[in-house]
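Number of protein chains: 2
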Amino acid sequence: MTDPVFTGGERAPTGVEVAAWIRQRIRRGSFAPGQRLIEVDIIRQTGASRFKVREAFQRLEGEGLVETEEFRGASVRSASIDEVRQIYRARIALEGICAADFTRKASAEQIAKLERLQDELDACVTENAPERFGRLNLEWHALLVEGAENDVIRQLLERLNVPIHRLLFESFYSPNRLKHANADHHRILRAIKAGDADGAEAAMRAHVGNGFSTLSNISDEFFG
Amino acid sequence: MTDPVFTGGERAPTGVEVAAWIRQRIRRGSFAPGQRLIEVDIIRQTGASRFKVREAFQRLEGEGLVETEEFRGASVRSASIDEVRQIYRARIALEGICAADFTRKASAEQIAKLERLQDELDACVTENAPERFGRLNLEWHALLVEGAENDVIRQLLERLNVPIHRLLFESFYSPNRLKHANADHHRILRAIKAGDADGAEAAMRAHVGNGFSTLSNISDEFFG
DNA sequence: CTCCGGCAGATTGTCAACAATTTCGTCAGC
DNA sequence: GCTGACGAAATTGTTGACAATCTGCCGGAG
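First to last, the protein sequences are chains A and B.
Under this note's numbering, the residues of the first sequence are numbered 2 to 225, in order.
Under this note's numbering, the residues of the second sequence are numbered 2 to 225, in order.
No wet-lab data here; the hints were simulated from the structure.
The reader is advised that the hints may include incorrect statements.
If chains are identical, the list can't say which one is meant, so a pair holds when it fits in one copy or spans any two.
Claimed, not checked - Computed list of lysine to aspartate or glutamate pairs in EDC-like fashion (alpha-carbon distance at most 20 angstroms, straight line):
| no. | residue 1 | residue 2 |
| --- | --- | --- |
| 1 | K194 | E62 |
| 2 | K114 | E171 |
| 3 | K106 | D83 |
| 4 | K194 | E40 |
| 5 | K194 | E150 |
| 6 | K106 | E128 |
| 7 | K106 | E84 |
| 8 | K180 | E70 |
All chains should be modelled from the sequences, with the hints used to inform the complete structure.
Structure follows, in structure tokens:
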């Protein structure tokens, strides 16, 4: 998956496309929290008209990713440590119920796919590859949410994850976090394969909660 | 609580205000699902400039309340029966965790306030006043979410509730629904007062789930 | 040296005019 | 009566110009 790029010869990007372009940069940290989003810069980089860029800003503010101030334009909204805590609380609730629904609804293939991904995650642990683990971990969670067959929740989680995207990766550099997170995954998988929806939900909630605890320990690096 | 009104003598409304104005009309059903939102009509009714109205549309589309189509403008997004199911699933997760967090965090005053509201709800049951019950019920849930001290979740729930706002009221005209919903409330309150966060969460999840079941029974009236 | 006021450039907010497209009534032809 | 082409009206999309505000620089007063 690459950045949306708008090369010269093609049509001008729409507001939705510009919003996606900005969203991805925010996720990746190219646009840091608090950074002002200058209209002309984005116009230059995307080839979109000013109108479309402003349209994208509105949309992103509706999503809660940027905030605008009179005559100061749009800037990337930065999440406080308390807001991160709130986001994690929401994730606990939503990913938890997804684990339960996945257990009830997932096909054998979907479970097998999850297990294959888990094998790769296991390899990352033995090789101590936190970066790769972070990427595959995202896929793993996305696959599980996908299998819960609830687009409303899937979209909510996608939005909630944007402000904490970088933190998710950072946490895996913390000692033993890889091992512990992986153990959580195995507990979740065991419950799913046993058809124990409640157990899967409880295990997932614990897993997400552990993620936040780790984050809190390394949070000084990111917050005041 | 009245509609945001923009009388002649005052300043022109901002995009945020226009969005709020439209949002409230969607909630109340003045703007029905599928209905097109004509720019000039809204300009006439709000006194906002065309620019601000379009700004509001963008924002509302970001929130998922409105969908826009090329050269056909904005229209109120209509939720399918399956999307309503998904929304309820999200509500079960989020309101459930709020009940648990409320139990842990709420002050004595907040609990007392919830009980006072509950007394009024009880009165509505004996008097069989579904309309009033519906309004107070919203307040009751809002108060509980408020006490959970999680603005992220509060905002998510507010957005999720918009498309089902009318359905929430309709369900209370169903026979015995008032009585059953009220019994659920008492169960939740009992758990809260006992400091039983898990019990409160379970009771809330059952309560919201029951709401959807009732809805499913009367859904033929609203959906195909 | 520091502080303050003001000026120039940069950046965003607003609007009105025009272009593109859809919508809907009308009417000829069958 | 029905169908389909046609065109006017309605509606939305886009652009560019201008207004309002902020930001940073510079020079003078103390």
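Here is how each hint holds up against the structure:
Proximity of K194 to E62 under the C-alpha cut-off of 20 angstroms is found in neither arrangement, the shortest distances being 41 angstroms within a copy and 39 angstroms between copies. For a Cα distance limit of 20 angstroms, the shortest separation of K114 from E171 qualifies neither inside one copy, at 26 angstroms, nor across copies, at 43 angstroms. For a Cα distance limit of 20 angstroms, the shortest separation of K106 from D83 across copies, 15 angstroms, qualifies, whereas the shortest one inside one copy, 34 angstroms, does not. For the homomeric pair K194 and E40, neither the shortest alpha-carbon distance inside one copy (50 angstroms) nor that between copies (53 angstroms) is at most 20 angstroms.
Proximity of K194 to E150 under the C-alpha cut-off of 20 angstroms is restricted to the intra-copy arrangement: shortest distance 18 angstroms within a copy versus 36 angstroms between copies. When the C-alpha separation of K106 and E128 is checked against a cutoff of 20 angstroms, the pair qualifies neither within a copy, at 33 angstroms, nor between copies, at 43 angstroms. For the identical chains of this complex, K106 and E84 are inter-copy neighbours only, at 17 angstroms across copies versus 32 angstroms inside a copy, given an alpha-carbon limit of 20 angstroms. For the identical chains of this complex, K180 and E70 are neighbours neither inside a copy (44 angstroms) nor across copies (48 angstroms), given an alpha-carbon limit of 20 angstroms.
Comparing the model with each earlier hint shows violations of hints 1, 2, 4, 6, 8; every other hint is respected.
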